[in-house]
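K.L.:
Let the hints inform the model, and build the full structure from the sequences given.
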Amino acid sequence: DGGITQSPKYLFRKEGQNVTLSCEQNLNHDAMYWYRQDPGQGLRLIYYSQIVNDFQKGDIAEGYSVSREKKESFPLTVTSAQKNPTAFYLCATRSETTGHYGYTFGSGTRLTVV
Amino acid sequence: GIQVEQSPPDLILQEGANSTLRCNFSDSVNNLQWFHQNPWGQLINLFYIPSGTKQNGRLSATTVATERYSLLYISSSQTTDSGVYFCAVGRLLRDDMRFGAGTRLTVKP
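If you're matching them up, the sequences are chains A and B in order. For the first sequence, the numbering used here gives the first residue as 718, with consecutive numbering after it. For the second sequence, the numbering used here gives the first residue as 2, with consecutive numbering after it.
Take these hints with a grain of salt, some might be off.
Claimed, not checked - Cβ pair distances, simulated, as ranges:
hint: 1; chain 1: B; residue 1: Gly2; chain 2: A; residue 2: Gly816; range: 19 to 29 angstroms
hint: 2; chain 1: A; residue 1: Lys726; chain 2: B; residue 2: Leu94; range: 28 to 38 angstroms
hint: 3; chain 1: B; residue 1: Ile45; chain 2: A; residue 2: Thr737; range: 19 to 29 angstroms
hint: 4; chain 1: B; residue 1: Ile45; chain 2: A; residue 2: Pro756; range: 35 to 45 angstroms
hint: 5; chain 1: A; residue 1: Arg761; chain 2: B; residue 2: Leu93; range: 16 to 26 angstroms
hint: 6; chain 1: B; residue 1: Asp11; chain 2: A; residue 2: Arg827; range: 16 to 26 angstroms
hint: 7; chain 1: A; residue 1: Thr796; chain 2: B; residue 2: Pro10; range: 28 to 38 angstroms
hint: 8; chain 1: B; residue 1: Thr107; chain 2: A; residue 2: Glu786; range: 36 to 46 angstroms
hint: 9; chain 1: A; residue 1: Arg761; chain 2: B; residue 2: Pro40; range: 33 to 43 angstroms
hint: 10; chain 1: A; residue 1: Glu779; chain 2: B; residue 2: Gly17; range: 42 to 52 angstroms
hint: 11; chain 1: B; residue 1: Pro40; chain 2: A; residue 2: Thr737; range: 19 to 29 angstroms
hint: 12; chain 1: B; residue 1: Gly2; chain 2: A; residue 2: Arg827; range: 22 to 32 angstroms
hint: 13; chain 1: B; residue 1: Gln15; chain 2: A; residue 2: Asp771; range: 43 to 53 angstroms
hint: 14; chain 1: B; residue 1: Gln15; chain 2: A; residue 2: Gln767; range: 42 to 52 angstroms
Keep in mind that the hints were calculated from the coordinates and are not lab data. C-beta atoms are modelled at their ideal positions from N, C-alpha and C, and glycine is treated no differently.
P.N.:
Quick look at the structure:
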């Protein structure tokens, strides 16, 4: 089945730790995105990548880092510099089918600082 | 950047009722998508609709791009329609999308 796999579903981080969230897709889409969702809020863009080996900061990139070494993978690292990392993290890809440039989302990772 | 406003923020319905959700945006767009976020957090694509009207079963959507708004209609609502509905827009085809704050729908049996 074509889709986006995010792992893990739940992640607990201690203060001062870096953690990496995985996002893998087999949709053959070039563009991939990371969004953050806080309780009761909309989605805010962290980072995005239009093509392999290239990525751009979104609105709230501070304290996060990404890489895009393969088309299928776009991991997000939440560093110790991110002061309030507890949130729901969503990965998306964008279609390039003519007439349809919409997003498909993974099922998300819930990160909690303990 | 482009601003997206959704209304109402909260909506409570009895099962079987109809509803209209609205999305206003501050600039011209070439991408617009409606999503339903289920209780487990999964965002499900409902419509990709930068202009015109589409229907899928009990749901339909209309975007009037020249007037900068989109409407999502839910007819004969069911309890499984509960959740948060998001509108997302992008100015250019390959732009990242900006999300509204969502409309939280609760359908009571």
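K.L.:
Hint by hint, say whether it matches the structure.
P.N.:
Okay, the hints, checked on the actual structure:
1. B:Gly2 <-> A:Gly816: 19 to 29 angstroms: Given a distance of about 25 angstroms, which is inside 19 to 29 angstroms, the answer is holds.
2. A:Lys726 <-> B:Leu94: 28 to 38 angstroms: holds (32 angstroms)
3. B:Ile45 <-> A:Thr737: 19 to 29 angstroms: holds (26 angstroms)
4. B:Ile45 <-> A:Pro756: 35 to 45 angstroms: violated (19 angstroms)
5. A:Arg761 <-> B:Leu93: 16 to 26 angstroms: For Leu93 (chain B) against Arg761 (chain A), whose Cβ atoms are near 19 angstroms apart, the range 16 to 26 angstroms holds.
6. B:Asp11 <-> A:Arg827: 16 to 26 angstroms: holds (23 angstroms)
7. A:Thr796 <-> B:Pro10: 28 to 38 angstroms: 33 angstroms Cβ-Cβ, so the 28 to 38 angstroms window holds.
8. B:Thr107 <-> A:Glu786: 36 to 46 angstroms: Cβ of Thr107 (chain B) to Cβ of Glu786 (chain A): about 43 angstroms, so the range 36 to 46 angstroms holds.
9. A:Arg761 <-> B:Pro40: 33 to 43 angstroms: Between Arg761 (chain A) and Pro40 (chain B), where Cβ atoms are some 21 angstroms apart, the hint is violated.
10. A:Glu779 <-> B:Gly17: 42 to 52 angstroms: holds (47 angstroms)
11. B:Pro40 <-> A:Thr737: 19 to 29 angstroms: At 27 angstroms between Cβs, range holds.
12. B:Gly2 <-> A:Arg827: 22 to 32 angstroms: holds (27 angstroms)
13. B:Gln15 <-> A:Asp771: 43 to 53 angstroms: Holds, at about 50 angstroms.
14. B:Gln15 <-> A:Gln767: 42 to 52 angstroms: Hint holds: Cβ distance 45 angstroms, inside 42 to 52 angstroms.
Hint compliance for this structure: hints 4 and 9 are not met, and every other hint is.
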